[in-house]
Amino acid sequence: MELLGLYHYWVFAVLLMIGFYAVIAKSNLIKKLIGLSIFQSAVFLLYITMGKVDGGTAPIIQAGVENPVFSNPLPQVLILTAIVVGISTTALGLGIVVRIKEEYGSIEESDIQEIDRR
Amino acid sequence: MIDWSVHLPALQVIVPMLSAPFALLLRPRGLAWAAAVAASLFAFAIAVMLTLGVLDGRNFEYQMGNWPAPYGIELGVDAFSALVLLVITGASSLALLAGRRSLDADIEEDRQPLFYAAWLLALAGLVGIPVAADAFNIFVFMEISSLASYVLIAGGPDRRALPAVFKYLIMGTIGATFYLIGIGLIYLMTGTLNLADMELRIHEVADQKPILVAAGFITIGLALKAAVFPLHVWLPNAYTYAPNAVTVFLAACATKVSLYLLLRFDFLVFQPNLIGHDVQFSYFLMPLAVLAILIASLVALFEKNLKRLFAYSSVAQIGYILLGASLVSVAGLTASVVHIFNHALAKGALFLAIACLATRYSSLRLENLAGAARRMPWTMGAFVLAGFSLVGVPGTAGFISKWYLMTAALDHGSVGVVLVMAIVISSLIALAYVWRVIEAAYFGEPKGAASGGEAPVGILAVTWIAALANLYYGLAPSLPVTLASTAAESLLRHVP
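Just so you know, the sequences run in chain order A and B.
My numbering numbers the first residue of the first sequence as 7 and each following residue consecutively.
My numbering numbers the first residue of the second sequence as 4 and each following residue consecutively.
Keep in mind that the hints were calculated from the coordinates and are not lab data.
No false leads were mixed into what you were given.
Pairs of lysine-lysine residues, derived as DSS-like cross-links and limited to a Cα-Cα distance of at most 30 Å, are as follows:
id, chain 1, residue 1, chain 2, residue 2
1, A, 32, B, 170
2, A, 37, A, 107
3, A, 58, B, 212
Next comes chain B alone, as it looks inside the complex (with noise of 0.2 Å):
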C-alpha cells in the first residue's frame, strides 16, 4: 500500500490550479460554479488531513520530480502553514457556497466560467505561498494569485472598483518586485533558493552590505501587500468596490498570507543571521502596528459605507497581527498566529453577513439600513455575533487573541504597559463602530417600503457557520492555539 499522505502538499496547489481550467469549459449555468465550489471544498480537506498530519508531529516535505533538496524544487507544510492553508481553503470554500447568487447576479452569465476560473487561479496562488519552500516558486505565486485577484476584484459592476483595482495593480506589483529584488541580492550572495538551505548558507555573508538591503527589500515589499500601515492605501477601496462574495474570500485571506512570508523570511532567514534584527524589526514595525491600530479603527469610526468600515477595520487588525510579532516573544507570536486564524473568522463572518444584507438593498450605506433588524433578524443576528468577535468580547474567538496579545505585551514592562492602553483603546472605538451599526439596525426607523424580508436561506446558513464557528473557536480554542505555539517556536527558535 502506498501511502498517499505524502504527496498532499502538491495536491494542495494541484487540485485547484487544474481545476481552473476545466472550470473554464463549462458553460451550461452554474456548472462552473459547482466545479469551483468542489475543488475548493476538495483543497479544505487536503489542507485538515495536513493539519491533522502535523498535529500528529508529522513534518510533510516533498520534494517535486524526486530532485533533492538544495537543487530541486521543495515543497513544505509545518503549523504555521497548516494554519494559514485552513485560513485560506476554509474562507475560499465558505465564500463559494453562500455567493452563488450574489456573484450570479453581479457577474453576467457567460462570463462566469471565466470569472470561477480566476477565483481558482486566486486559490492556486495563495496556497501555493505557505506550501513552497523556494523563495522564487513563493514569487511565482504571489503573482498568480494576485493578478488573479486583481480580476476578481474588477469582476463586478461597480465601476469604481476600475480605478481601485489600477491601484491595488500598481501597488502590488511594485510590492511584489522589491520582494524579487531582495531574493535576487540573496541569490546573488549564496547561489541558492530554497529557503532552508538559504538559512544556513547566508551565515557565511550575514556581514555584507547586500543581505541588509535585501532584508530592507524584502520586509517593505511582503509588507506593501500586506497592507501594513502607511502602505495600507490600495486596501479600503479594493474591498469596498469588489463583489461581496470576493471580499468575503480576499478580506479573510490575502493579506495573512503576505504576513506569514513577512514572518518567515524575518524569523527564520534574516534573524539568525544579522546581527541586531530582532531590535530593528521591533522598532520599525511596533510603532507602525500601534499607528494602525488606532488611526484606522478611528477612521473606520466615521466611515459611512458599511464595506468601507470593515475594510478600515482590517487595515487596524492587520496591526495587531503585526504587534504581536513585534514583541519578539513566543507568547507575542503565538498571539499573532492564533490572530490570523481569528480574524479571518470574525472578518470573513462580518462580510457574510453584509454580503445577506447587499440581497436586500442596493446600497450599503449605514443611513440605509436603518431597522435593518426588524427586516432581516438572523442576519444581523449573526452581523452581531461576529462583530462581538471582532471586538473581542468573552466567549468568541476574538477575545482569545486580544487575551493572548495582552498577555504577551505585559511581559515588556512600561512599554507593555502603553501596548496594552493602545490595544484597549481600539477595543473600544471598535466597539463603538460596531455599534454604530447595531444601533442603526435594531433602534432606526424603516425607510421606504420594504422589499421582501430575510436573505436567502444558502447565504444565511453559510452565514451562520461562520458566525457560530466564532463562538466555537472562542470557548474551545485549542485547534488554533495548539497550531500557533507550535509556530512560535519554531519560528523563535533562532532567538537567543
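Bound conformation, chain A alone (with noise of 0.2 Å):
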C-alpha cells in the first residue's frame, strides 16, 4: 500500500486544491479568504509531516534515555512563523473587507464591479 501510505500527503495536496478551489470560484470575499486560510493551512500540514519521524520524540536530551529517536524540530519552528503570516494576512484581509463594506455596501465581487463601473 505504497500510494496510501503517503496519506498526509495526500492530504495536504486535497486540502491545498479545496483551498484554492475556493479563492478562484467563490465571488464573497469572506469565502476567498476562507479559502485562502486553507490554502495555507495545508502548506503548514506539509511542514509538520516532513519533519516527523516513526516513533521520535521531542529533541530534548533526557538522563537514562539511550539512543533516542528525534522528530526534526525545524519544520515546526519555520511554520510557526508562517503561521503568524497567515494570520496576518487573514486578519488585513478581513480588515480590507470591513472597509469595502463600509464603501460599496456589498461584499460581493460582482457587486463592487458593478459600481465601480458606473
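Both chains are sitting in their own frames, so use the hints and assemble them into the complex.
Written out as C-alpha cells, the structure reads:
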C-alpha cells in the first residue's frame, strides 16, 4: 500500500486544491479569504509532516534514555513563523473587507465591479 | 579599531525595521515623516557603502549571532543584490522626500504615523530580500514587505484602491505560498535552507521529482509576485489607485525584487542541478516576455488614465527584463540587470512627474491634462525627459539597456532577429503612448479656469533629480553596467 502510506501528502494536496478552488471560484470576499486560509494551512501540514519521524520524540536530551529518536524540530519552528504570517494576512484581508463593506455596501465581487463601472 | 563595515548587511535591514515602531510614536505633525526620511536616507547611505565595497571586490557575508553558515542564518551582499538595494533605498528616499505634501493631502493627520511605520516596514522587507541568504528568511521578508505595501496602497482616499488591494492580497499570498511549498519540497529533499548550501546539496537528489516540482512552484510563485505576463492582473489597479508617492516607491522597486529572487533561484539553485533547465527556462519565459512587451504596450496605448497607462507600461518593461534573462547568456543577463536599474530610474521619474501633476489636477485622465505644459512647464519638462528614457532615446538611461538587450538578442540567430523586431515595435508603441501625453500637454487647449501654476518647489526639485539621473546614467552608465556584468557572470557561472 505504497500509495496510501503517504496519505499525509494526499491530505496536503487535497486541502491545497480545496482552498485554491474556493479562492478562484467564490465571489464572496469572505469565502475567498476562508479559501486562502485553507490553502495556507495545507502548506503548514506539508511542513509538519516532513519533520515527523516514526516513534520520534521531542529533541530533548534526557538522563537514562539511550539512543533516542528525535523528530526534526526545524520545520515546526518554520511553520510557527508561517502561521503568524498567515494570521496577519487573514487579519489584514478581513480589515480590507470591512472597509469595502463600508464604502461599497457589499462584499460580492460582482456587485463591487458593477458599482465601480458606474 | 573595529571594522564596522562588516555589519553593514545587517544594518541595512535593521535600520528601517527598528525605525518603524519609532515612527509610530511620533505624533506631532510632520515628525513621523521626518523620521521616515531620515531612516530611508540612512538605509540609502548603507546601500551606497555596500555598493562601493562590492565595486572594490569585497563580498559581504554576515553570520547572524556568529553561528556558522549552514546552521546559522547568513546574510550576504554581492554585485546583484547591491544594485537592487540601491534601487530600493533610492526609490524610497526620493518618494518620501517628494511625497510630503501629497501624502499630507491623501492621509488624515492622525493616521500618518501608522502610514509611515508601514512604509518603513515595507522598506525593511524589500531590502531584506536581497540581503538574506536563507530561503525561509526571504519568505518572511517577502511577506513583511507585501503586507506593509497592501496597507500603503489601501491608505489613500480613493475607494477603488480597496478592491484593487484585495486582489493584490489574494494573488500575492498565493504567490508567496507557492514559493513556500517550493522551498518546503527542497528542504524535504536536502535538509537545508541556506541558498549556497542548497546549491551544492540539491546535486545529490537532482534527478528526483520533488526538486522539479519545487522549481515549478518557485518559478510560478515568484512570477506571480513579479507581475510577469499573464500573471500581472493585480498590478494596474493597485498602482493606479494607490497614493501617488506610494506608486513612485512601489513601481520603482516592488516587482524588481521578486524578479531578482526569480533569477537568483533559477540560475544559482536550479541551473546547475536540473538537466536541460536553461532550455526549459527560456522556452517557458521567452514567449511570455515577448507577449508582455507587445500586449501590455498596446493596452497602454489605448489607456486614458495616466497612472494606469504607465502601470501597463511597467508590465511591458518587466517583459524586457525577463527577455534578457531568457536568453541565458552573459550579455542577456547583463541587459536585464541593467534594465532593472534603468527602468526604476525612468518609471520613478515618470511617476514623480505624475505626482507633480496630481498636485494641480484632480483627475489624471488624459483629456483633463490638455495644455498642462503651459501651466507646469518644469513638470512637463521632467516628464518628457523621463518619457524619452522609457522609450529608449539615445543619451538617456533607457537607451543603454535597450542597446544591451538588442546586442544580446542578435547573438541568437534568427530567433534574435524576431526578438529585436519585437523590441523595436514595442519601443515605437512606447513612443506613441508617451507622445499622446506630450501632445495633450503641449498642444491641447487648456480647459476651464486654471488654479495655481507650477507644482510646489520641493516635489519638483526631487522630480528633476530623478529625471537628470536618467540623463546622467544615459551618458555615463559605468556604475549599473559594471555591477550588472559582475552580477551576470556570477549568475551564469554554472552554465556551460
